[in-house]
Amino acid sequence: MTLDANQILALAPDPASAKAGSQLAAAHHWSNLGKSDAALWGECQGSGKTPYKTQVDLNGPAFKCTCPSRKFPCKHGIGLYLLTVSSPALFDTGTEPQWVSDWLNSRQARQEKKADTVAASQDPAAAATAVAQARKREAKREEKVDAGMRELQTWLHDLAREGLAAVRSRGQNLWDGIAARMADAQAAPLARRLRRAGSLLYQSNLRHAESLVGNELASIYLLTQAWQRLDALSPALQADVRALLGWTVSQDEVLRHPGIEGCWQVLAQTTFDDERLRVRATWLYGGQDARWALLLQYAAGTQGFDLQLAPGTAFDGELCFYPSAYPLRAQIKRQENMRPLSAVTAPPSDLDTLLDTYANALAAQPFLERHPVLLDGLVPDAADHGILRDAGGRALVLHPDFRHLWHLLALSGGHPLTVCGEWDGRSLLPLSVWHEGRLLNIDGDFA
Amino acid sequence: MSDDLRQRQQLLKIGTARAGRAPAPPAAPLDALFPQAEAETTLWLSLGALDLWERSGFLPSTGPAAPALDPAPPEQLRACPPRAEAILALLLRGVHPAALQSEWLRLLQRHGGHLPPRFLPRMLDMATRQPALRAQLLAVIGERGQWLARLHADWTWAAARADDDETAWDTGTAEQRLAALRAWRARDPQSAREALAAAWPSETPEQRAALLPALGVNLGLADETFLEAALDDRRKEVRTAAQRLLASLPGSQLGQRMLARLLPLLRVEMPWLGKARLELALPEAYGAAMRRDGIGASAHQGMGEKAGWVVDMLAAVDPNVWCRQFERSPRECLLLAESSEFAAVLVRGWALAALRQAERDDAAVEAQDWPGALALWWIGTAGELSKAVPDALFDLVAARFHANAGSASLALLDAYPDNWPQDADLVNLLHRLADKSQDGWTPALSQRFLQLLKAIRPGALKPGNTWLARMLLPAFGKVADPASVAAVELEWRASIPLESEWRATSDYFFELVRLRHEMILSFQEPA
Chain L
1 MTLDANQILA LAPDPASAKA GSQLAAAHHW SNLGKSDAAL WGECQGSGKT
51 PYKTQVDLNG PAFKCTCPSR KFPCKHGIGL YLLTVSSPAL FDTGTEPQWV
101 SDWLNSRQAR QEKKADTVAA SQDPAAAATA VAQARKREAK REEKVDAGMR
151 ELQTWLHDLA REGLAAVRSR GQNLWDGIAA RMADAQAAPL ARRLRRAGSL
201 LYQSNLRHAE SLVGNELASI YLLTQAWQRL DALSPALQAD VRALLGWTVS
251 QDEVLRHPGI EGCWQVLAQT TFDDERLRVR ATWLYGGQDA RWALLLQYAA
301 GTQGFDLQLA PGTAFDGELC FYPSAYPLRA QIKRQENMRP LSAVTAPPSD
351 LDTLLDTYAN ALAAQPFLER HPVLLDGLVP DAADHGILRD AGGRALVLHP
401 DFRHLWHLLA LSGGHPLTVC GEWDGRSLLP LSVWHEGRLL NIDGDFA
Chain V
1001 MSDDLRQRQQ LLKIGTARAG RAPAPPAAPL DALFPQAEAE TTLWLSLGAL
1051 DLWERSGFLP STGPAAPALD PAPPEQLRAC PPRAEAILAL LLRGVHPAAL
1101 QSEWLRLLQR HGGHLPPRFL PRMLDMATRQ PALRAQLLAV IGERGQWLAR
1151 LHADWTWAAA RADDDETAWD TGTAEQRLAA LRAWRARDPQ SAREALAAAW
1201 PSETPEQRAA LLPALGVNLG LADETFLEAA LDDRRKEVRT AAQRLLASLP
1251 GSQLGQRMLA RLLPLLRVEM PWLGKARLEL ALPEAYGAAM RRDGIGASAH
1301 QGMGEKAGWV VDMLAAVDPN VWCRQFERSP RECLLLAESS EFAAVLVRGW
1351 ALAALRQAER DDAAVEAQDW PGALALWWIG TAGELSKAVP DALFDLVAAR
1401 FHANAGSASL ALLDAYPDNW PQDADLVNLL HRLADKSQDG WTPALSQRFL
1451 QLLKAIRPGA LKPGNTWLAR MLLPAFGKVA DPASVAAVEL EWRASIPLES
1501 EWRATSDYFF ELVRLRHEMI LSFQEPA
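Residue numbers (the working numbering), protein chains in the order written: chain L, 1 to 447; chain V, 1001 to 1527.
Hints in this document: simulated from the structure, not taken from any laboratory.
Think of the CB as a built atom: it goes at the ideal place given N, C-alpha and C, for glycine as much as any other residue.
A few of these clues could be false.
What the hints assert, rightly or not - From the structure, some residues in chain V lie toward chain L, with a derived Cβ separation under 10 Å:
| no. | residue |
| --- | --- |
| 1 | R1006 |
| 2 | K1013 |
| 3 | G1015 |
| 4 | L1124 |
| 5 | K1236 |
Turn these sequences into a full structure, and let the hints steer you where they fit.
The following block contains the structure:
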């Protein structure tokens, strides 16, 4: 299967690469073009003497190129992929040359290694020392976090005594200060949340900023208490609390757990900045037990994301979930047979089901940040553009960050829509819309 | 938000120290969860608990059902082919020249299709900022677009209904009233003029000056009486607007009066030896009647006062009158004027007249004879005299160049001398013809242009001197017939050395044409 031109361009790490890539999608730049069921390859004349060898693994899609660019995928990869869409006749169908099959095999091998659940055997003595050292490091970290949580509670008590209104005049420095101390206490996610909460107070365009900040700080307060009573929590919820305080679970560790097999549909994707990182959140739905999965990817600077998933496609594969009381976040263990999505097979839920599901989710994991929804029968209210109504006329408020009200109205024309997005208990943030037999992702398809 | 939560939010805002009271634990059943603790702990815990409580127990408001809006009716136009839709998404990324978006809209209109709804907000916004795009967009927004435009205050121009015009005319802002009047004129010129005449005495002078030019839409002899009266308006801007309109109206009395003033001044000299030439005697007297008709209203650079009067008179007469008067074609008229002492006056006057004729929305085909002849004459004329043709005329020629009416465009390219790359004015004109063209060129025009471009190709071998290519190729790429370009692409590429500075420009050119080719094909595939 191949993607269409726009889906390919969406893979580019930035607009400049998309532009350069589309300019390279012309026959005269290329030689030795070829394709097989699994891959595309070609040689592109760059500024150097030897042409760059560019290849695309169609099952990912994944890219590799011999050019020195640090962007990923590079313009040659994008150009090659675009060229096969615009002029498929230029590509000779045949077996992969050595340099292509080597790469494909190494990718295959890596996938198998991922699937390989047996941990590498180690010298027992060295392993014991390593475990002891790790335990020591861990104890030290827990101590730091302990101290950090106590300090944060004191700080929040002071804040409650003084009042948000009085604190407001002290500026962002106050928030940066406590954030820095949380970073010292190795609770980096809290540092980010505190900085962001502080900055909300100074956004003039935000209504009810103080109550948003109040709720966020209260949730952080609950987290500090949860930490202090960690032993009383279920192991799964302990994992959530630890993740929220900055403990990471390595990818390998996640992949070591048994995964969930099935057909996975890529239903929505959104990319946003979190301080210096770019974060891409992709919602998948499927598996044997018909469930949601969230794929979070991080990229720094102009780099692209290593794994490319286009909304509106589906693949067969296996997903491994991070430990959690309400597992959503996952890693892909195996992925093959990518194809365009011809229909959403996920049953869209009605509002009542959504509210029940969400209440159960919060009961299991009260710190849940994002909760996916797929709702059908929603009509944008023509008078109040911040509202969608279900078939019974009940109102759902759109998230204040949602910027595409007019696109929703245009797609709907007063008729019901099927919307995929995130629900936070008060408002809906649409991320994609199923419209006339295809998925339109709001990041990207809503020009 | 519940009162319970609101109270606590308020307490957090003012601070427990200032409020002087501790928050009570939340109401049952949550109260059972609360330990005895200091006020701040209770405040934070109850805020957190109530927030979760509310979010997990969210009840959507049914609210007063808004007056149900009728859904948009089904589209009458065809759907947009999927490949064409993908190409528009590509164009809207802003990497390619904006002219391609216009071409895409034209192709969609020819296809008889409507714009996919996801593009409506962006395109309506764009045309709101650039009114020149509106007519083109209106043809393709379909039922959905009109439905949507009615909901957005900035997009009302796209949702205009017959009865809306009259309401807007009665109660709208100055800008809306002008738009409503123009739309009304387009629909029913007579009743629109009557509405304007009825409101005329009560309009402010500024309003009168702003509204009058709207009569240019569907201007006809029926409007003449009203415009003649406006020639006596107290406000100069109103008089000028009326003069301009009457001057562009063939058969108007103003035109007749101008002709009557001009005829005694003009005489064709037929010397025994040499060419026939048109002689002009400058007018002597100036009077109120002349001022009323707009003579002497504008300054003409480099001309005497009396010569300026003649330009004003000529500009107000349908130039085709002279063809009949002298029994000569426009080109022959220009040759007749060329050797006159006042050649610049005659050419300027005719050119302005031709411009006024062409500005009209319903300009007839013969209105293009004069602009074409003037441009052709200009190419063959060097020096001071060529400056008599006003710049705006070339925009006009360029805007209609693609149509090649009566092969005039081809004739223009044929008139180019071999050494045209050395003449900056001629290069500029070529650039403008391509850049300002409002539609793609025919194969014949494109091939002729490519032939002309051959003259600059030897430059590809020398370093520097790339400005000609950088100027002409990107502009030509926007209008060239793709098949004609594809036919010469190999030969061109072979003739340009790899390391030439031309390389990038010509690559860009061929890419652009290729994309346009793909775009044109994307509308041809069976839907």
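Cut-off 10 Å, beta-carbon criterion: hint that V:G1015 touches chain L: Since the shortest Cβ distance to chain L is 3 Å, the answer is holds.
Per-residue hint verdict: V:K1013, partner chain L, C-beta under 10 Å: Holds - the Cβ of V:K1013 comes within 10 Å of chain L, reaching about 5 Å at its closest.
Chain L contact restraint on V:R1006 - CB to CB distance below 10 Å: holds, 8 Å
Proposed interface contact between V:K1236 and chain L, which counts if any beta carbon pair is under 10 Å: Violated - the Cβ of V:K1236 stays beyond 10 Å from chain L, reaching only about 44 Å at its closest.
Hint check, V:L1124 versus chain L [nearest Cβ-Cβ separation less than 10 Å]: holds, 8 Å
Checked against the numbered hints listed earlier, the structure breaks hint 5 alone; every other hint is satisfied.
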